[in-house]
Structures are given as structure tokens and as C-alpha cells.
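A.B. asks: Sequence:
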Amino acid sequence: VLLGSGLTVLSQPLMYVKVLVQVGYEPLPPTLGRNIFGRQVYQLPGLFSYAKHIVKVDGRAGLFKGLAPRLCSSAIGTVVHSKVLQGLFPPDSSFPLQPGASKKEPVSSLEQVLKETSREMVARSAATLITHPFHVITLRCMVQFIGRETNGTLSAFATIYREEGILGFFAGLIPRLLGDILSLWLCNMLAYLINTYALENGVGSARDPGAGSSRGCSGGAVAPLQVSTMTEMKSYSQAVTGFFASMLTYPFVLVSNLMAVNNCGLAGGLLPYAPTYSSWLDCWSQLHREGNMSRGNSLFFRKVPVGKRYVWE
Numbered sequence: 001v002l003l004g005s006g007l008t009v010l011s012q013p014l015m016y017v018k019v020l021v022q023v024g025y026e027p028l029p030p031t032l033g034r035n036i037f038g039r040q041v042y043q044l045p046g047l048f049s050y051a052k053h054i055v056k057v058d059g060r061a062g063l064f065k066g067l068a069p070r071l072c073s074s075a076i077g078t079v080v081h082s083k084v085l086q087g088l089f090p091p092d093s094s095f096p097l098q099p100g101a102s103k104k105e106p107v108s109s110l111e112q113v114l115k116e117t118s119r120e121m122v123a124r125s126a127a128t129l130i131t132h133p134f135h136v137i138t139l140r141c142m143v144q145f146i147g148r149e150t151n152g153t154l155s156a157f158a159t160i161y162r163e164e165g166i167l168g169f170f171a172g173l174i175p176r177l178l179g180d181i182l183s184l185w186l187c188n189m190l191a192y193l194i195n196t197y198a199l200e201n202g203v204g205s206a207r208d209p210g211a212g213s214s215r216g217c218s219g220g221a222v223a224p225l226q227v228s229t230m231t232e233m234k235s236y237s238q239a240v241t242g243f244f245a246s247m248l249t250y251p252f253v254l255v256s257n258l259m260a261v262n263n264c265g266l267a268g269g270l271l272p273y274a275p276t277y278s279s280w281l282d283c284w285s286q287l288h289r290e291g292n293m294s295r296g297n298s299l300f301f302r303k304v305p306v307g308k309r310y311v312w313e
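Positions 1 to 313 (our numbering) are the ones given, in order, by the sequence shown.
Since the hints were derived computationally from the structure, they do not count as laboratory data. Don't be surprised by glycine CBs; every beta carbon is placed ideally from N, CA and C. Hints may contain errors.
As the list claims (entries may be wrong) - Derived lysine-lysine pairs resembling DSS-like cross-links, with alpha carbons at most 30 angstroms apart:
| no. | residue 1 | residue 2 |
| --- | --- | --- |
| 1 | K65 | K52 |
| 2 | K65 | K303 |
| 3 | K303 | K52 |
| 4 | K303 | K56 |
To be verified - If you anchor each label on the Cβ, the simulated ranges turn out as follows:
| no. | residue 1 | residue 2 | range |
| --- | --- | --- | --- |
| 5 | S49 | S118 | 52 to 60 angstroms |
| 6 | F48 | F243 | 19 to 27 angstroms |
| 7 | A158 | L129 | 18 to 26 angstroms |
All chains, please: the whole structure from these sequences, using the hints.
C.D. replies: Okay, structure coming up:
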């Protein structure tokens with residue numbers, strides 16, 4: 001929990017800027033710069049320029065707006081995730097608690113991967129469901145920067161309950177759950193395919209022809225080295241597939257965050273920053289038509305799309 005809280009604090013400015021970009025808020029005009037190929041293009045402000053603007057307006061402490069409910073979400077989510085795994089799925093000698101996080105030998109059979117991914121899906125979904133109200137509060141605290149609203153965490157809870165009822169605390173929950181589940185299954189299944197059909201088969205075929213000469217030269221020390229190398233390569237493949245899965249499922253994150261602040265009474269959830277969406281499917285459809293499904297995914301080299309208009313002060 002302490003480690004997770006520390007990482008949450010360190011990543012808060014990054015998430016703050018990302019959320020403001022996701023809702024379409026551009027406080028600074030585009031500037032003329034060069035892309036990676038050296039061509040001159042108009043670029044929107046990147047992470048550091050955006051962060052400097054926030055510091056200029058609210059001071060350094062302004063970069064950590066919404067941190068308190070996010071810390072609560074992180075801590076409670078960690079506890080719920082652990083309790084669900086321990087309560088509904090007692091640990092045994094066959095499966096580690098979390099894929100990629102255990103020091104045991106990584107699971108290799110398809111049946112084990114399916115069972116472990118299913119367990120992890122249930123635990124993550126439970127944690128997401130319990131902590132989503134804190135996630136909504138975090139996003140709305142951040143979006144207050146746009147309209148200069150000053151509601152605190154406790155007053156935000158009271159406002160949501162008074163104006164939107166219980167369902168207001170779960171705005172954007174469905175796309176968030178779908179994104180988490182799809183990302184988890186994509187990550188684990190791709191990692192299984194790579195580990196099984198690329199790494200193990202490749203190393204096995206390369207090891208067999210020279211097995212005799214290797215034992216003669218090293219006295220049998222090659223096998224432990226190969227096991228260690230294989231374990232490292234599998235951990236790398238898990239990280240790569242995780243990044244790839246997060247890229248593919250990013251539109252779910254964007255739609256979830258937009259629905260969490262949509263038409264909530266804050267300036268950042270209204271025109272000209274965001275239209276009023278009737279549902280998360282309507283939000284998805286409009287973003288797709290506008291070509292904005294990846295808005296906020298990259299905070300560097302943000303080229304201004306041709307024909308697009310942005311609101312800035």
C-alpha cells in the first residue's frame with residue numbers, strides 16, 4: 001500500500017495534465033515546431049509546458065489537485081484486490097496470486113493462464129467497482145481547474161449525491177470495466193502465446209543441437225543459466241504485451257473519463273470543451289467521427305490535426 005501510494009503521488013502531475021488534455025482543454029496556443037522528421041508543424045503544448053502553466057496559475061501545489069481521493073482509491077483498491085483473491089480464491093501451490101508478480105515459475109499451460117486471468121479479472125473488477133466513486137471525485141477535482149471552481153473532496157461527494165444521486169458516483173464505470181477486462185486478457189493471452197510459441201520453442205530448438213558440447217565445456221552450468229534467461233525474457237514479454245494492450249484499450253479509458261465529468265455542472269464537462277453525451281456509446285461514436293479516440297494518449301509531440309479547432313485562453 002505504501003509503495004502504491006508513493007507511485008500515486010509521483011504520477012499525479014502526469015495524470016492531472018492527461019485528464020485536462022482528454023477533456024479538450026488547451027490553455028496555450030499552438031506553437032511552430034519540428035516533428036521527428038525535421039518538418040515544421042504546429043504543435044500543442046506538451047507535458048512540461050502544460051505543467052508550467054498550471055504552476056503559474058495555482059502554484060506547485062496545484063499540480064496535486066485531486067490527490068486525496070486518488071490516494072484513497074489506490075489504497076482501498078489494493079486492499080479489496082488482495083482480500084478478494086485471498087477470500088474467494090485461496091492461494092495454492094498450483095497458481096501464483098498475480099500473473100507476473102510472483103517469484104514462482106511463471107505459469108505455462110493454457111488452462112493455468114485462463115484460470116489465473118479469470119481470478120485476476122474478478123479481483124480487479126471488484127476493486128474498480130468499490131473505488132470508482134473516488135475515481136469520479138478525482139477527475140472532477142482536476143477538471144475544476146478549467147472553470148476555476150473550488151469544491152473540495154467532501155463537498156464534491158455531497159454535490160454529486162444531491163444533484164445526481166447514487167448513480168452519479170458510478171458515471172463512466174462501464175467503459176472503465178470493459179477496458180480493464182480487455183486489457184488484462186489481451187496482455188495475458190499475448191504473453192502466453194509469445195512465451196510458449198516464440199521463446200520456449202525458439203530456445204529449445206537452439207539448445208538441442210549443441211547440448212552435448214555445452215555440457216562438456218561448462219560441466220552442466222548451462223541449464224540454470226538458460227532457465228534464468230528464459231524467466232527474464234518472459235518478464236519482459238509480460239511488460240511489452242501490457243504496454244501494447246493498454247494502447248489498444250486506451251479509447252475505453254478516454255470515454256470513461258469523459259463520461260465521469262460529462263454534464264456534471266463543471267465548465268470542463270460542458271461546451272465548448274465537451275458536448276453533452278447521452279451515453280458512453282454516444283461519446284465513443286462522436287469521438288470516433290472526430291478522430292479523437294487517442295486524445296491525451298501522448299503528451300509529447302502533440303501535432304495540431306488539420307481542420308481541428310481548439311479552445312484556449
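A.B. asks: Give a verdict on every hint.
C.D. replies: Status of the hints after comparison with the structure:
no., hint, result
1, K65 to K52, "holds, 15 angstroms"
2, K65 to K303, "holds, 27 angstroms"
3, K303 to K52, "holds, 19 angstroms"
4, K303 to K56, "holds, 24 angstroms"
5, S49 to S118: 52 to 60 angstroms, "violated, 44 angstroms"
6, F48 to F243: 19 to 27 angstroms, "holds, 22 angstroms"
7, A158 to L129: 18 to 26 angstroms, "holds, 22 angstroms"
In this structure, the one hint that does not hold is number 5.
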